[in-house]
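Enquirer: Let the sequences and hints guide you as you build the complete structure.
Chains as they are written, first to last, in full-length UniProt numbering: chain A, 1 to 406; chain B, 1 to 406; chain C, 1 to 406; chain D, 1 to 406.
Bear in mind the hints are in silico, worked out from the structure with no lab data behind them.
On a predicted model such as this, the values are computed, not experimentally measured, just so you know.
One or more hints might be untrue.
The list treats identical chains as interchangeable, and a pair is accepted whether it falls inside one copy or across any two copies.
[Stated by the list, open to error] Result set (SDA-like, lysine to any residue): computed pairs, CA atoms no more than 25 Å apart in a straight line:
#	residue 1	residue 2
1	Lys392	Arg381
2	Lys392	Ala221
3	Lys13	Glu228
4	Lys13	Gly163
5	Lys13	Ala70
6	Lys13	Arg35
7	Lys193	Glu10
8	Lys392	Asp75
9	Lys193	Leu236
10	Lys13	Ala338
11	Lys392	Val257
12	Lys13	Gly138
13	Lys13	Leu43
4 protein chains.
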Amino acid sequence: MAQPQADAAEADKPALGVGMVGYAFMGAAHSQGWRTVGRVFDLPRRPVLAAICGRDPGAVRAAADRHGWAAAETDWRALLERDDVDLVDICTPGDSHAEIALAALAAGKHVLCEKPLANTVEEAEAMTAAAEEAARRGQLAMVGFNYRRLPATALARSMVAEGRLGTLRHVRVTYLQDWLVDPEFPLTWRLRKEAAGSGALGDLGAHIVDLAQYLAGEPLAGVSALTETFVRERPLPGGPTSGLTATATAGAGQVTVDDAAVFTGRFTSGALASFEATRYATGRKNALRIELNGERGSLAFDLERLNELAYHDGTEPGTHAGFRRILVTEPDHPYLDAWWPPGHGLGYEHSFVHQARDLVLAIAQGSRPRPSFADGLQVQRVLAAVEESAEKNSAYTPIAVSSISV
Amino acid sequence: MAQPQADAAEADKPALGVGMVGYAFMGAAHSQGWRTVGRVFDLPRRPVLAAICGRDPGAVRAAADRHGWAAAETDWRALLERDDVDLVDICTPGDSHAEIALAALAAGKHVLCEKPLANTVEEAEAMTAAAEEAARRGQLAMVGFNYRRLPATALARSMVAEGRLGTLRHVRVTYLQDWLVDPEFPLTWRLRKEAAGSGALGDLGAHIVDLAQYLAGEPLAGVSALTETFVRERPLPGGPTSGLTATATAGAGQVTVDDAAVFTGRFTSGALASFEATRYATGRKNALRIELNGERGSLAFDLERLNELAYHDGTEPGTHAGFRRILVTEPDHPYLDAWWPPGHGLGYEHSFVHQARDLVLAIAQGSRPRPSFADGLQVQRVLAAVEESAEKNSAYTPIAVSSISV
Amino acid sequence: MAQPQADAAEADKPALGVGMVGYAFMGAAHSQGWRTVGRVFDLPRRPVLAAICGRDPGAVRAAADRHGWAAAETDWRALLERDDVDLVDICTPGDSHAEIALAALAAGKHVLCEKPLANTVEEAEAMTAAAEEAARRGQLAMVGFNYRRLPATALARSMVAEGRLGTLRHVRVTYLQDWLVDPEFPLTWRLRKEAAGSGALGDLGAHIVDLAQYLAGEPLAGVSALTETFVRERPLPGGPTSGLTATATAGAGQVTVDDAAVFTGRFTSGALASFEATRYATGRKNALRIELNGERGSLAFDLERLNELAYHDGTEPGTHAGFRRILVTEPDHPYLDAWWPPGHGLGYEHSFVHQARDLVLAIAQGSRPRPSFADGLQVQRVLAAVEESAEKNSAYTPIAVSSISV
Amino acid sequence: MAQPQADAAEADKPALGVGMVGYAFMGAAHSQGWRTVGRVFDLPRRPVLAAICGRDPGAVRAAADRHGWAAAETDWRALLERDDVDLVDICTPGDSHAEIALAALAAGKHVLCEKPLANTVEEAEAMTAAAEEAARRGQLAMVGFNYRRLPATALARSMVAEGRLGTLRHVRVTYLQDWLVDPEFPLTWRLRKEAAGSGALGDLGAHIVDLAQYLAGEPLAGVSALTETFVRERPLPGGPTSGLTATATAGAGQVTVDDAAVFTGRFTSGALASFEATRYATGRKNALRIELNGERGSLAFDLERLNELAYHDGTEPGTHAGFRRILVTEPDHPYLDAWWPPGHGLGYEHSFVHQARDLVLAIAQGSRPRPSFADGLQVQRVLAAVEESAEKNSAYTPIAVSSISV
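Expert: Laid out in structure tokens, this is it:
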């Protein structure tokens with residue numbers, strides 16, 4: 001663990017008050033990130049868990065207690081009015097992202113918004129415009145594509161940026177889960193279009209579209225897609241949900257989102273891409289797998305083994321070449337100087353610690369954090385093109401080209 | 001190694017004379033199959049390597065010598081007239097398959113034809129019709145999708161047939177090679193449309209389309225595709241080629257086939273599929289990977305580890321469930337009773353030994369061998385739909401549904 | 001993340017004051033555990049990071065600040081006198097364990113002591129006797145074999161306890177690191193017998209001996225050993241050390257501990273064991289690997305992939321049997337109900353969170369925590385037998401049989 | 001497949017008549033080697049399967065028929081008198097190796113003898129002396145450690161010889177099978193000391209001792225060992241055996257060999273070694289695994305994935321370093337120019353083809369084939385030291401140092 005810089009005692013650092021909206025799965029993960037980041041990284045500002053917000057007074061109070069937030073609010077508008085909140089962290093379902101984020105920026109706060117940025121391109125455009133305007137005032141906005149923040153993916157990005165892959169030829173990505181295989185799994189909010197926007201596409205597809213563009217360092221130019229809803233009616237949920245688990249009750253309702261999406265595409269450089277997002281891949285629990293093949297080398301990553309990156313150096317003599325398994329736990333790997341000795345791996349939640357670190361650093365330095373709302377908008381445009389293509393007989397659907405920040 | 005049945009001395013078995021056309025990579029592989037099959041399996045007929053055919057008299061003589069063929073011919077029509085040839089094994093490039101196969105069937109021979117069955121659907125239809133007619137006369141025809149003949153893929157098929165996957169949800173398949181990454185690799189016949197029909201699509205795509213339909217036990221209903229030629233001009237080849245290697249010479253020519261194809265599709269049951277065939281996946285040498293996810297279980301296979309099959313039993317309690325690595329080398333695994341003790345793996349070429357075994361058994365029993373020419377035609381239709389979709393802006397392109405034999 | 005029980009607000013829970021001695025690698029890891037445990041698990045007592053102790057006033061103050069400890073002490077005897085300290089957590093090198101632990105127990109504190117329990121069997125015996133006496137007064141003691149606390153190892157233990165392996169035949173264990181391969185790595189305290197007791201043997205070997213006995217559920221009966229010091233002189237260290245890294249300075253000194261130890265042994269049941277501990281396994285960063293083979297099944301674990309457990313069910317038909325990769329991230333896996341959805345893996349440090357959880361629960365319930373000081377003593381006896389055997393020409397050296405707690 | 005050299009038609013090459021004694025598992029494997037080698041490799045002499053020998057007239061006749069041997073003999077002395085036999089290939093159990101090999105050398109034949117070379121050091125010494133004398137007359141002798149002949153192990157040897165590992169620190173080797181886990185498996189000859197010499201030690205241990213010394217490029221200097229017989233009584237066998245399988249019948253007998261052996265040792269350079277040979281590792285079918293760690297790099301191999309070699313280059317910057325998986329199927333890998341394109345793997349039996357190739361080349365060139373009988377003797381001495389150590393309370397037992405040929 002890196003030693004603190006002698007010149008900055010923790011108590012002397014200016015506080016950065018965080019207010020979080022939502023306290024389910026993402027709320028717990030973000031809380032762990034905010035609680036831990038200042039204990040591990042030596043940051044110029046000291047994150048303070050100022051207040052958490054949720055509609056149910058008892059539940060939000062318990063969540064504040066559990067996760068270490070100083071105060072609890074039941075109205076997010078009240079949270080925005082608090083002076084001790086400098087940054088609003090939005091962990092709600094996608095249908096409320098735009099409203100809260102726009103209000104938070106209007107209230108002069110920095111914003112961290114969970115992915116997908118919004119449920120529609122229009123919302124995302126409004127949010128991006130507002131973030132752009134706010135940035136001129138010094139308020140910063142970031143979208144929560146946390147998988148950019150793993151040491152292995154960050155290392156992959158730097159290796160691509162160094163030119164180790166050369167001209168890119170192929171990107172293939174899957175995000176496979178299996179928690180909907182059972183047709184009796186209940187109809188939670190993630191299966192309703194009005195709350196979730198889309199299904200596997202928005203939840204898992206948003207992650208892999210962002211990660212693919214981030215690692216490739218270029219945006220997608222167009223896509224051709226098929227989507228499917230395998231199980232169209234499910235029992236209604238009853239009782240508490242936790243993480244991805246839930247309990248069924250009497251009655252049934254319609255699934256109004258996709259269960260799976262498969263799509264192909266082209267990057268602006270001409271590289272071919274294939275994507276698959278599904279919650280029906282029996283036995284695959286969190287298999288976000290991405291492989292990039294370039295003229296000079298290849299990289300491969302699997303979220304189920306998140307401390308590893310596979311790398312093939314195509315410039316080596318074939319006699320001794322092969323995909324090597326880099327254990328991304330060395331002190332000079334991204335984020336690793338603050339953690340444990342080589343081989344002592346990190347977990348999923350560390351991506352949220354790192355996300356918090358990068359955002360705090362950006363705020364302290366006044367630089368634009370990445371991924372930006374514009375990056376979130378670009379992902380939204382890809383998802384919209386996927387849906388459009390799927391509706392139009394899989395016709396190849398171009399995406400308005402924008403730059404992405406990596 | 002299984003002992004011979006006491007009642008059938010090899011010498012007493014009726015011979016089955018084989019005549020092979022072509023002696024490059026596939027010719028060598030088929031020769032090894034024919035030479036070995038009667039030494040390992042106890043067959044009702046004794047395969048005899050009667051004659052091999054090629055245009056260059058010296059080269060074909062040397063090949064006969066090397067591979068153990070009793071005679072050499074320089075005109076395939078002469079091969080078809082030989083009385084000691086009962087079965088014609090066609091190992092030439094795809095542009096000559098139809099002509100030779102039709103003539104061989106007309107000459108009263110059984111036929112084994114390398115994949116892809118033909119370079120066009122029309123040729124494949126004619127061949128299938130001829131095979132159908134010949135079958136009524138007792139002449140049998142088989143197409144050489146040898147990857148059905150690996151113990152692991154054959155085991156996978158039987159597990160699907162037993163219902164271990166339940167309703168199929170996803171099939172994802174890649175066939176990744178990298179021998180064209182170098183832009184100086186010369187323009188061999190495999191890169192010219194007139195000889196090869198198509199590029200990665202016909203060569204690699206044909207294998208994975210057949211294998212996917214075989215394992216799924218059902219045909220594809222439609223596809224949406226993107227194809228690409230990354231390097232459009234290459235140096236002309238000079239000197240001998242061997243396997244997939246070749247030497248460049250002065251001058252350059254146009255690549256007239258695809259370098260890579262990515263496509264999605266639907267099986268007739270509604271399962272989603274994704275396919276990728278490429279020769280530009282740096283570091284991937286022969287990565288034919290297929291995974292099937294069903295409501296009750298999943299299977300995964302990788303040709304680079306061909307003695308293994310991964311299986312997830314979705315009906316097990318989650319506490320102890322996981323993808324298991326079945327080492328497909330047990331005596332009760334397909335083809336394995338004739339080979340070595342558990343854990344003593346087989347190689348690529350064994351698929352040709354097994355193909356020969358299955359064809360000899362079918363001929364001896366008078367049953368239709370699988371995969372049939374009709375199966376080859378079905379694959380051809382899928383490939384044609386891929387090309388059509390790629391030309392029509394990736395529009396989803398239905399495939400005339402036919403049955404497949406598994 | 002599991003919701004808090006409605007009936008126990010955090011603030012209402014009785015505090016459990018923790019005082020920690022040492023703040024290097026282990027101190028940082030334990031701090032993360034103590035900070036996090038009450039936020040993730042619903043515990044009957046609320047751990048409070050009361051005070052941290054170290055000799056350098058500035059450094060210990062900075063560490064308190066960084067890691068979130070309320071107070072800092074420079075004399076561990078002062079720490080023991082604090083009323084707000086209920087539990088003393090000893091994270092110093094092994095040569096001070098006995099003195100501090102004995103004093104802490106005498107002072108009426110609960111004790112958590114890092115492994116190895118002590119540098120000699122005699123110290124460990126005294127500590128075990130004191131712990132036994134203290135337990136009668138309600139003070140509890142635990143030794144920090146944190147690798148028992150990973151979900152995968154805890155699952156393995158429960159599977160062995162269920163009889164899934166049957167009669168045990170083989171246990172093979174390695175703990176491979178490579179941070180001493182470079183002969184210029186400096187002579188830190190871990191390479192000096194007076195501070196560390198032994199080298200790879202006490203550091204890595206202690207872990208694998210405990211883990212092997214824990215998973216097997218039985219003690220070792222005897223061992224035969226070879227040890228080696230490959231590099232006998234190293235530069236003196238200068239400047240700060242962090243984790244396992246350090247900087248060299250002028251001058252050189254003798255390495256007085258082993259660089260590696262290989263030993264074989266017998267468990268009391270008659271199962272054969274092999275062990276290897278080394279810091280010279282180039283490319284292996286933290287490869288604690290253990291495999292157990294029993295008459296009915298086998299288990300295998302690798303710390304470099306700590307979210308996975310491999311299991312072979314030997315009672316299954318061979319046709320479909322194979323080592324399965326259990327992703328130990330399901331809600332019903334040990335410790336996992338408090339964490340993330342399936343497939344969202346944990347890291348190294350979570351073992352310390354779980355260790356803290358189990359210790360707090362034991363204290364709250366008044367039950368003996370495991371592993372006990374007696375377990376630490378048993379490990380010490382094995383290590384002593386290893387050293388004795390290595391000195392006596394590898395002669396098989398029996399170990400006084402004691403019971404172990406699992 | 002490499003084309004034949006134009007200047008040497010197969011028919012014009014001088015024949016090399018092979019006479020084989022034994023036709024069980026090893027006989028079948030060697031037959032496949034002899035049948036295939038001249039078809040794949042361009043050799044200066046043409047191997048002819050002249051005669052096979054076994055005691056049961058009907059069975060040996062059937063084996064000749066099946067495996068393609070021109071003649072059958074029932075007395076190995078008669079085989080030695082045949083003029084068409086230049087080389088005697090001994091595939092019998094170890095108790096007859098010495099007698100047959102000595103007689104064959106006396107009869108002026110070249111000799112290939114299966115491993116272990118003999119059942120005792122004394123026999124092996126006599127054989128080595130006879131081989132040395134015969135070599136002066138131009139008769140050559142080789143012992144069948146076929147695992148030196150896999151492309152991956154041969155590549156590993158060349159990488160060690162190039163200095164890629166630097167000073168060797170560790171060698172760890174296991175050979176794990178599980179076909180004796182079932183206590184009802186019958187008492188075949190492999191479980192009787194008088195026929196097999198020893199159990200897992202001589203069968204599996206001989207392989208790993210030879211392979212370890214071959215890859216390390218140096219002999220073992222001493223060992224410390226434990227051996228065990230877990231199941232001491234087994235049913236008598238009845239009916240035919242095949243490969244490693246057999247059928248039980250009424251009655252029972254004593255197992256007089258070891259079931260498993262674990263031993264540690266030192267190489268002459270000071271590197272530490274650990275070995276384990278067992279037939280009780282449930283779920284491990286043929287897990288011959290070897291890893292070598294040197295100051296500059298590491299290599300790892302697993303026979304269950306025999307087309308792969310893992311290599312860590314310790315001289316690379318840690319940022320991008322990792323164990324790489326070399327797919328040993330490139331044309332410039334050992335033996336591979338004669339086989340298939342990259343990624344098209346070989347199997348177990350290819351080791352026998354390669355062994356035949358190397359022996360034919362050595363005979364044609366008049367050079368000493370490797371591994372020599374002296375190498376077989378060195379392995380025998382290690383096995384004897386293992387047995388001696390196991391009897392003497394695991395005392396470290398030195399081995400008379402001899403050179404080995406690699």
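Enquirer: Look at each hint and say if it fits the structure.
Expert: Against the structure, the hints come out as follows:
1. Lys392 with Arg381: Intra 16 Å, inter 23 Å, cutoff 25 Å: intra and inter.
2. Lys392 with Ala221: both (17 Å within a copy, 17 Å between copies)
3. Lys13 with Glu228: Neither: 52 Å inside a copy, 50 Å across copies.
4. Lys13 with Gly163: neither (39 Å within a copy, 53 Å between copies)
5. Lys13 with Ala70: both (19 Å within a copy, 17 Å between copies)
6. Lys13 with Arg35: Cα proximity of Lys13 and Arg35: in one copy and across copies (16 Å, 20 Å).
7. Lys193 with Glu10: Close neither inside one copy (45 Å) nor across copies (37 Å); limit 25 Å.
8. Lys392 with Asp75: Neither, since 41 Å and 52 Å both go past 25 Å.
9. Lys193 with Leu236: within (15 Å within a copy, 56 Å between copies)
10. Lys13 with Ala338: Only inside one copy: Lys13 and Ala338 sit 19 Å apart there, 32 Å across copies, limit 25 Å.
11. Lys392 with Val257: within (17 Å within a copy, 28 Å between copies)
12. Lys13 with Gly138: within (20 Å within a copy, 42 Å between copies)
13. Lys13 with Leu43: Classified as within: same-chain Cα gap 8 Å, cross-chain 32 Å, threshold 25 Å.
Of the numbered hints given earlier, the model fails hints 3, 4, 7, 8; all others are met.
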